[in-house]
Structures are given as structure tokens and as C-alpha cells.
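Dock chain B against chain A, hints included.
Okay, here's what each chain looks like letter by letter:
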Amino acid sequence: METRKWKYEMKPAFESRLRKLMPSQSDFDAFESIVHTGPESFIRCNTLKISPSDLLKKLEKKWTVKQPFPKHPEIMLITTDLGPGELGNAVEHILGYYYVQEISSMMSPLALDPQPGDLILDLFASPGSKTTQIAAKMENQGTIIANDLKIGRIKILSSNLERTGVTNTIVTRHDAISLCSRLASHNIKFDKVLVDAPCSGEGTLRSSPKTFLMWNPKVIKKFSRQQKKFIAFAFKCLKVGGTLVYSTCTHSPEENESVISFALKNFPVKIESLSLPLKCRPGITKWEKESYSSQTSKSCRIYPHDNNSEGFFLAKFTLLEEIEK
Amino acid sequence: MKIQFIKSAEKKKLVSQLNEQFGITNIPYLLLESGKEKVRAFSGSLSKDEIMNLRSFLNIETMGLYFIKKETPIRLSFDAPHLLKDQITKNIIPISEEQLNDWLHGSDLQVVKPSGSYIISLNNDFVGLGKSNSSVILNHVPKDRRLKN
Chain A
1 METRKWKYEM KPAFESRLRK LMPSQSDFDA FESIVHTGPE SFIRCNTLKI SPSDLLKKLE
61 KKWTVKQPFP KHPEIMLITT DLGPGELGNA VEHILGYYYV QEISSMMSPL ALDPQPGDLI
121 LDLFASPGSK TTQIAAKMEN QGTIIANDLK IGRIKILSSN LERTGVTNTI VTRHDAISLC
181 SRLASHNIKF DKVLVDAPCS GEGTLRSSPK TFLMWNPKVI KKFSRQQKKF IAFAFKCLKV
241 GGTLVYSTCT HSPEENESVI SFALKNFPVK IESLSLPLKC RPGITKWEKE SYSSQTSKSC
301 RIYPHDNNSE GFFLAKFTLL EEIEK
Chain B
326 MKIQFIKSAE KKKLVSQLNE QFGITNIPYL LLESGKEKVR AFSGSLSKDE IMNLRSFLNI
386 ETMGLYFIKK ETPIRLSFDA PHLLKDQITK NIIPISEEQL NDWLHGSDLQ VVKPSGSYII
446 SLNNDFVGLG KSNSSVILNH VPKDRRLKN
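These protein sequence lines are chains A and B, in that order. Using our numbering, read the first sequence as starting at 1 and increasing by one per residue. Using our numbering, read the second sequence as starting at 326 and increasing by one per residue.
I should point out that these hints are in silico values taken from the structure, not numbers from a laboratory. Treat the hints with care, since some could be wrong.
What the hints assert, rightly or not - Calculated lysine to any residue pairs in the SDA-like style (CA-CA distance at most 20 angstroms, straight line):
hint, chain 1, residue 1, chain 2, residue 2
1, A, Lys71, A, Ala111
2, A, Lys155, B, Asn378
3, A, Lys150, B, Leu383
4, A, Lys279, A, Leu18
5, B, Lys363, B, Asn464
6, A, Lys11, A, Ser33
7, B, Lys473, A, Gly83
8, A, Lys58, B, Pro467
9, A, Lys11, A, Leu213
10, B, Lys473, A, Leu59
11, B, Lys410, A, Thr47
12, A, Lys66, A, His93
13, A, Lys189, B, Pro419
14, A, Lys155, B, Ser359
15, A, Lys189, B, Ile385
16, B, Lys468, A, Ser159
17, A, Lys236, B, Asn378
18, B, Lys473, A, Lys150
19, A, Lys61, B, Leu472
20, A, Lys239, A, Ala111
21, B, Lys410, A, Glu92
22, A, Lys155, B, Arg471
Said to hold, decoys possible - Restraint-style ranges between C-beta atoms, simulated for each label pair:
hint, chain 1, residue 1, chain 2, residue 2, range
23, B, Lys394, A, Pro268, 16 to 26 angstroms
24, B, Gln342, A, Asn216, 50 to 60 angstroms
25, B, Asn378, A, Ile151, 35 to 45 angstroms
26, B, Phe330, A, Pro268, 36 to 46 angstroms
27, A, Asp113, B, Asp374, 20 to 30 angstroms
28, B, Glu358, A, Ser185, 26 to 36 angstroms
These numbers were taken from a predicted model, which means no experiment stands behind them. Built from N, CA and C at the ideal position, the CB exists for glycine as well.
Isolated chain A, as found in the complex (with noise of 0.2 angstroms):
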């Protein structure tokens, strides 16, 4: 009898495309190995309420804690054998000293780097990981948009906003694509736009591994399709020489590269280079039958098993030229 190596299997169809991503065979048994394991316990310090110095001391006395970024002292790596819940439900986490976030997840604002006076807009924004990691950046100075579709997530949000004390933030609720015609028809622009795209979630497999089991092509399509529009709807809303980040929880290239090199070839942006704590893998420039603007590779892969993350990818742009509306 066959015996199951995994509790979940990665469907053939999802293992062949991660092949092709991943063509060395050390490289997808690293990969296939550490995404049946559980996710690290990263917590990030919420400057707005406490120190990282501060937090440290509170959290030293009951478990262990490392800082594995010197000079993002905020980012925290428990190492502690924890009880399910046990992070959420302490008192530090209930006074909002620090937020539950993956480290992967920490990326999309550490690229749009937020400043103090900044006007941003978040357009998915719910749970909050994100924008609270932004209020903290800005020192709760500038504004952020907020924006979420459905009321349960906004729900989540502003609890999330509450608990860590976030005071200069305007939550809307709209779909994305309506949200930013009307701000754009009202001439509205912005320094910064966050587009942390809803996508098919096939970087989340440690931390949701039922996505092995919901794992789907025409998902995949159907999300590309959505994503080119959102990125293309946003540019709108951004001042000239503002900066774009878009992000994804995915490794398909239809949701990544094929939205960056859509933007390149249709928008007046310039692609960043990005310099970030994590290891990064150049985005691809050709997939299947298609090839994508040799620029897409300074886009960035997270890949689980260089950083012990979940997988992420991410792209930041400048704008250039003024967009009609």
C-alpha cells in the first residue's frame, strides 16, 4: 500500500507549475519540505505604544525572543514553543504592544517605506497587519485610506486599528476598483499606494494548508484578470514620482509578473530595485508562452524555504507622467 508522505498533497497540476518555478530538484524538496511544517511565530513591536527595547523586556521573562534584523529591531522571532492561541491571547497582544504578522507579509511597507507626513492608500486593507504596520511608520502623522469590500473585514480591521492605537487612519468601504475612480475623478492623489492584490494564497501553504486542497487553476485566471484592473485602477490615484507597491501571499506567475510586466507595458512607471531584509529572488520574464519585460526581474519571489517564511512576492513602481483619468 502507498503510503502518504504528507497529510496534504499538492495537487499534480500545482507540484508541475511549482516544478517549472523551482527546476533544480534540491531546490523543490527544500521547498516541498519546509511547507508541510508550521509557520515561525514573528510578531511585529508596535512602535506607536511601546519600544522594541520595552517589549523585549516584557517578553523575555516568558519566552524567547530574538531580533533576526538589526536594524529592524521591530521585528520579533519567538522561538518558544507556544500553545495554539497563546500569542493572541497575552497580555501584551490585548494592550496592542505587538501585532501577530508574518515576516513575508512585513515586506509590502518596509518597500513603500511610509514617512511621517504621507498621504497613502491601502486598498485591501483588512486584516490590518499592513496598514497598523504603516500607522507605526508614520508615526500616526499623514493620512491613511483604508479601504476593505465586505463589512466583516472592515469589522476585523478596525478592531485591529483599536487595539493598536492607530489615530490617523480613514477606513472606507468600497470595492477597490470604484474606490479609486472616485478618488481619482475628484482628482484626489496620493505619495504612496499599497495594492496587496487578493490573490490565490499559494504562498500561505504553512500557515493554510488547506490550500493544498483548494488549490486551483482557473482560480489562478480568473485572479489575474482581477489584478491587472486593480493595478491599473490605483496608478490613478498616485502623484507623479509617487511610489506603487504591489504584493502578493502567491508564486503564480499570472498573478505576479505577468500584472508587473501588464504595468510596465501599459503605464508611464519606472520598476525600483528593492533592498530588503529577506532573501529575494528575481522575478521571471518568461512563463509558459509567455514573456514578460525583461524589467519584471527586479521584482522580488520569496521563496519559504531561503527565509523559513511563508512565500510573498512584491513589486514596487514610481510613476512618472501624469495618468488621465
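Just chain B, lined up with the frame of chain A:
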């Protein structure tokens, strides 16, 4: 969301009441009433006019942080003391770590104080607000912010 800015005269009155209760002398936020006597604090860079312009074509769900409920005495939200922590000088009840655990589980505090509102504190951490009925401090920790188990 209903947005009604608190006028400066009313803000002065609120500061005066908060001064009497907790020693607060300044609220460096734009205050707006969002319904049910709830007042929110906004620190963003947009002016009142810019916010009302946005309001005319956007569906704004919330803005800023829930700050106070207008009742007598004024009830600060769970998170408000943190915003003004450098100004809070009176009506503070210090508690122990053991009391904190009970408090964050939703238990009333077995401390006798004259009736009124009190800010609960462990060392330098403000952990919400309670109201004394002269025999215990009634717990005002919101249910979604309580410790479970």
C-alpha cells in the same frame, strides 16, 4: 458613518472635565462625534474640509480611534489613556500582576474608592478604565479585548 466635528468650545469643555478627572490638559486630536455619544480622535493631516469632501463621495466606515463616550463622568475608551499617558496624573489605581490577570478576564476590581472613573495601571502600562460604585471598581474592559481561558 456620521461625522460631526466637535466644536472648539465643546472641546474646551471636554478638556476641562478630563482635567478634573485625570489631570489631562490638552487633547492634540481632531475630535468628531460618530453617533451614540461616541467621540473619536483623529490625528491625520487632512483638514475638516478635506474630510467632508471625501465624505461626499466615499463610504467612510470609521476614522481615527474611539476616544470617549460623552456621559457623566466622561468615559475614556480602553485605548484612550495610552494616547494621553504623559498627561494623566490623577485617579489612577495601581494594580498587581495578579489583579491585572483578573481585570483583563473581565472581573471587577476589589478596591474601595469614592464613586467616579479611574484609570487602571500596572507599572507604566494603562490597562483601561473602571468605574467605582463605592464598593468595587466595575470592569469596563471591552469583551473583545479580554483574556480568554
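Which hint numbers doesn't this structure obey? 2, 8, 13, 18, 23, 25
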